[in-house]
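From just these sequences and the hints, can you work out the full model?
Position 5 of the sequence shown, counted from 1, bears residue number 5 in UniProt numbering, the numbering being contiguous throughout.
Hints should not be assumed to be uniformly reliable.
Quick list of simulated restraints, FRET-style, between CB atoms [as the list claims (entries may be wrong)]:
(1) V25 <-> R67: 35 to 43 Å
(2) G159 <-> D89: 28 to 36 Å
(3) D105 <-> L239: 36 to 44 Å
(4) T157 <-> G238: 40 to 48 Å
(5) E83 <-> T157: 23 to 31 Å
Hints in this document: simulated from the structure, not taken from any laboratory.
Virtual Cβ for every residue (Gly too), placed ideally from N, Cα, C.
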Amino acid sequence: MERRLGVPTGRAPADAHLVVLEERVLAKNDALAASNRHRLARHGILAVNVMSSPGAGKTALLERAVRELGADWPVAVIEGDQEGALDADRIRASGAPVVQVNTGDGCHLDAEMFDRGLSALGAAPGTLVFVENVGNLVCPALFDLGEGARVVVMAVTEGEDKPVKYSRMFASADLVLINKCDLLPHVDFDLAVCERRLRLASPRAEIMLVSARTGEGLAAWYHWLRHRGGRQARASAGLAASHDPPLGDATRASPGFASAVESSTP
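As structure tokens, then:
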């Protein structure tokens, strides 16, 4: 069998069982993800799966979003980490209800963890639910949670190579936030090269330059979220949410949701 840099380029026959097992795991996950997505649509809940490598600034962006969107749109967060609850504590201090999901040895959230997190969260219909996935640019890309949108965060401090090295993650994104843009004058980062590589990895994804520290670019991100929330609300209007069991204890629509999305809906 041909080898390159000591790594087999193909699978030995003995690996066939592993391939089948992986396919079964993903198929089970995808079925539950589809159920999650349908249930969220019925309740008009926009769930946004936020993914990045460690330190790109996911939590800082969500802290600001909670404070700046929460006045007219209820926001809740599911925090995914292997251990601890440091990020959940930060989100809670920002004013949002939060559920911590610890994955232990696992490197990502999956549809079952998301489902259980939603039930524990008890989000009211019309809530914006952020899912801060485990810091990792590999595994989370493979597992559909049933979310309504995928946002990938990268920082200018990481270099322009991430869309090439982790193309599957970026290909799955609906939106890419290039964070820490306030540091551009101080780091060796070619924005044009990064954008070109992002376009190759994901021609459909929107790209925004933001700074969680200064607030630059966040208004555009919030507009994007509100537009997505408006679409979810319109989709749910034709569905009977009462036919589904409530998400946790939530059975009443949040009054601020309609006004939160209406201003940005074309």
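Checked hints:
1. At about 38 Å, the CB distance of V25 to R67 agrees with the hint of 35 to 43 Å.
2. Separated by about 30 Å at the C-beta atoms, G159 and D89 satisfy the suggested range of 28 to 36 Å.
3. At roughly 38 Å, the beta-carbon separation of D105 and L239 lies within the given 36 to 44 Å, and the hint holds.
4. Checked against the hint of 40 to 48 Å, the C-beta distance between T157 and G238 comes to roughly 45 Å, which is consistent with it.
5. A hinted range of 23 to 31 Å for the beta carbons of E83 and T157 is consistent with their spacing of about 24 Å.
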